[in-house]
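Novice: So the protein sequences, as listed, match chains F and H.
Going by my numbering, 298 is the number at position 298 of the first sequence; the sequence numbering is gapless.
Going by my numbering, 583 is the number at position 201 of the second sequence; the sequence numbering is gapless.
Keep in mind the hints are simulated off the structure, nothing from the lab.
Cβ coordinates follow ideal geometry from the N, Cα and C atoms, glycine included.
Hints may be right or wrong, so weigh each one.
A partial selection of chain F residues facing chain H, derived with a Cβ cut-off under 10 angstroms [unchecked claim]:
id	residue
1	Met1
2	Asp2
3	Val175
4	Leu258
5	Tyr260
6	His279
7	Ala282
8	Val286
9	Glu290
10	Gly317
11	Val320
12	Gln370
13	Ala373
14	Gly377
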Amino acid sequence: MDLTPSEAQRMLRHSAERFIAEHYDQAARRHAMQDPMGFKRENWRKLADLGWLGLPFPEEVGGFGGGPVEVAILMEEFGRGLATEPYLSTVLLAGTLIAECGTQEQQMVLLPAIINGERLLSFAHYESDARAGLSEIHTVAQADNQGWMLHGRKMAVLDAVSADVHMVSARLPDVQGAGLALFLVPKDAAGVRLRDAPRLGGGRVAELTFERTLLPPDARLGTGGDVLPAIEGVVDRAIAALCAEAAGMMRSMFDATLDYTKVRKQFDRPLAANQVIRHRLADMYVQCEEARAMAARAALPVGADSDSTQRSLAASGAKVKVGRCARNVAEQAVQLHGAMGVTDELDLGLYFKRLLVFEALFGSVDYHLQRHAKLFGNSRSE
Amino acid sequence: MSLSFTPDELRFRDEVRAFIAARLSPELRRASSLNVSFFSYPDIVTPWQRALHERGWVAPGWPQEHGGPGWTATQRWIFESECAAAGAPQLSPMGIKMVGPVLMRFGTSEQKKFYLPRILSGEDRWCQGYSEPGSGSDLASLKTRAVRHGDHYIVNGTKIWTTHAHFANRMFALVRTSDEPRQQDGISFLLIDMASPGITIRPITMISGDHDVNQVFFDGVEVPVTNLVGEEGRGWTCGKYLLEFERGGGINSPKLRHALEKVRELANSDLSCKAISHPEIATKLSDIELDVQTLEFLELRVLSALQRGENPGPVSSVLKLRASEIHQAISRVGVEMIGQNALVEERRRPLHALNDEPIIPEELLSVVARHLNGRANTIFGGSSEIQRDIIAKQVLGL
Chain F
1 MDLTPSEAQR MLRHSAERFI AEHYDQAARR HAMQDPMGFK RENWRKLADL GWLGLPFPEE
61 VGGFGGGPVE VAILMEEFGR GLATEPYLST VLLAGTLIAE CGTQEQQMVL LPAIINGERL
121 LSFAHYESDA RAGLSEIHTV AQADNQGWML HGRKMAVLDA VSADVHMVSA RLPDVQGAGL
181 ALFLVPKDAA GVRLRDAPRL GGGRVAELTF ERTLLPPDAR LGTGGDVLPA IEGVVDRAIA
241 ALCAEAAGMM RSMFDATLDY TKVRKQFDRP LAANQVIRHR LADMYVQCEE ARAMAARAAL
301 PVGADSDSTQ RSLAASGAKV KVGRCARNVA EQAVQLHGAM GVTDELDLGL YFKRLLVFEA
361 LFGSVDYHLQ RHAKLFGNSR SE
Chain H
383 MSLSFTPDEL RFRDEVRAFI AARLSPELRR ASSLNVSFFS YPDIVTPWQR ALHERGWVAP
443 GWPQEHGGPG WTATQRWIFE SECAAAGAPQ LSPMGIKMVG PVLMRFGTSE QKKFYLPRIL
503 SGEDRWCQGY SEPGSGSDLA SLKTRAVRHG DHYIVNGTKI WTTHAHFANR MFALVRTSDE
563 PRQQDGISFL LIDMASPGIT IRPITMISGD HDVNQVFFDG VEVPVTNLVG EEGRGWTCGK
623 YLLEFERGGG INSPKLRHAL EKVRELANSD LSCKAISHPE IATKLSDIEL DVQTLEFLEL
683 RVLSALQRGE NPGPVSSVLK LRASEIHQAI SRVGVEMIGQ NALVEERRRP LHALNDEPII
743 PEELLSVVAR HLNGRANTIF GGSSEIQRDI IAKQVLGL
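Same shape as in the complex, but just chain F:
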């Protein structure tokens, strides 16, 4: 047993910290929010140059050969700086699914293009509330003699506006027992409608509709079999990564609050001179440490080769624990800033909103608490 980060992991954290400190100040954040894509393309190129877009991919396809621990390190720092680049969409969701389910040819074409920053992808999956789970899919793909015809509507698609290709899940009504399949849909395919909106706290989000969208035969990712288990695994790993990102955001909110309460005076003394404030700050600090520990812990059993029950327990568990801590730290940070906390002038509000996004993505605390309780009961009765 050894929880010491390796030399490579230490270096990764160090360069991520430096990168964020250099590129993500208040002005840069505000600037990125004005961009129609929700982020600055030159930052994406820098991420590619640093090799981070290839972090979770195998070395054979030009990747870095990292795992969830490395991803967590990077995401925590992204969270601290409130980066809005589509790392989750392109690399962790769509990219990982290609690496896991794609044909040899799809991998050789798409992964290098992702890794070198040329191509962006969205992952269009949810159609109703995340509380309904990952299998509630009604979009259909019908086999056609020229390929496939896609029909359906996807909600809350992250970063769809900047994506060159949408990865869309659909049912195959013609294929007996095939369950879900994934399709690669070019952004300009006929019958694709995109309605884009700003995402809470930065970035973009969209609704995608597919009306008799015709796709070539090789638009299907992989060659067969139900992709739901792969989606579940990728989403569990994404949750672990998001927990690390949330821990980074919490830390930034906490640091800002600590600084503020030391400086802001009321009744002739700093706010932090009051015991009730000091104790609240102590609790926030404890929760930041807990969230960070739980995110780091979740990264260990969510690897691609792990047992699926253990992986889901780790992901759901972290979503619950980090979610609870995040909500308290975010709400207290705003509270302790007083009226300043509810103005748009501080970045605090952006972090607050992004932590709400964290809570809402891939299922709430309550959803994951119930999932954890169910899996925990099951895993014990084996």
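Got chain F sorted already, so can you dock chain H onto it with the hints?
Specialist: Just chain H, lined up with the frame of chain F:
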């Protein structure tokens, strides 16, 4: 980074398991599971301590030169986890974890030579004379006075919340030897023989009915000057060193995990009418499970830091704060789970010695008592409020 054990560590775990299987009798296990006090009764602890002592495993944290086993931090973790999982009685921390380390650091060679082996063997049972009426967590305000007369101190005053003073033959105490402008100065660390004339022990009964703590009175008690540890007037240094051990030196999550396992067993059994089938109980258990996992990971990170020779940092208050709160959450859900069986108040002790048939199953008798006693967790060893003050001051720089 890896959470898994090396083959050597797995071999060590098997060795510990084999030892426990051979030496922890079913009677001891039962008695220990019915123990609701913070410290186990001597009739439970003594045989277990003897078995551990024979094997050289009684003081996992001690250096080898003083009789420790010379384990790595991971081995200590494995040992603590296996003992907790088996429901082994907990040894009193007073000697092994508290006064022992202080003597190693500040004691004379005579003191080390005399006391340390007696701590290991269990021949000496120690209690802690720190708190006083009116001092609480403001320890520096203590008033018990020791005045030097030739080669003796004469001690007058009183100590309170003295756990198991009635079973102890020795006390380590903080006493005032002079009045200084700064309250922390002028305090000395004394070792007191509990058989000395002039000592009176008054039992204090807890809300559960347990007799764990006492008030101890000193009326002209003579203590040889050779029983002073460290320098006269510098006892605060020893006391603080000891408190750091009390708060951060411990590994709490294995015990908490065991307590949660017991509650989960209860939830799965007919004793609680299968409480686990109620979604609110199942999710509450998951919530606590995640709190335990978080604490466990924080503790493992401290162990990893210690193992590579680093300082764990000021995390001990975080660990103490969370461990005590989680402890209370576990005992509270236990009470919720047993429903109306919680109405029965059994005040006779020890529970393992009762020989009539209680009106509710024996296992349920300990649930409420443990919850009541557990309320002290966030009060002793520096209350949660004090821990938050420490975090604010030492970690956040406020």
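Novice: Are the hints correct? Go through all of them and say.
Specialist: We went through each hint and held it up to the structure:
1. Met1: 5 angstroms, holds
2. Asp2: 6 angstroms, holds
3. Val175: Status violated, d = 37 angstroms.
4. Leu258: 6 angstroms, holds
5. Tyr260: This hint is violated: Tyr260 (chain F) lies away from chain H, its Cβ roughly 12 angstroms from the closest one there, beyond 10 angstroms.
6. His279: Interface hint status for His279 (chain F): holds (4 angstroms vs cutoff 10 angstroms).
7. Ala282: 4 angstroms, holds
8. Val286: Check passed: Cβ of Val286 (chain F) comes within 5 angstroms of chain H, closer than 10 angstroms.
9. Glu290: 5 angstroms, holds
10. Gly317: 5 angstroms, holds
11. Val320: 6 angstroms, holds
12. Gln370: Where the cut-off is 10 angstroms and the nearest Cβ of chain H is about 6 angstroms from Gln370 (chain F), the hint holds.
13. Ala373: 4 angstroms, holds
14. Gly377: 7 angstroms, holds
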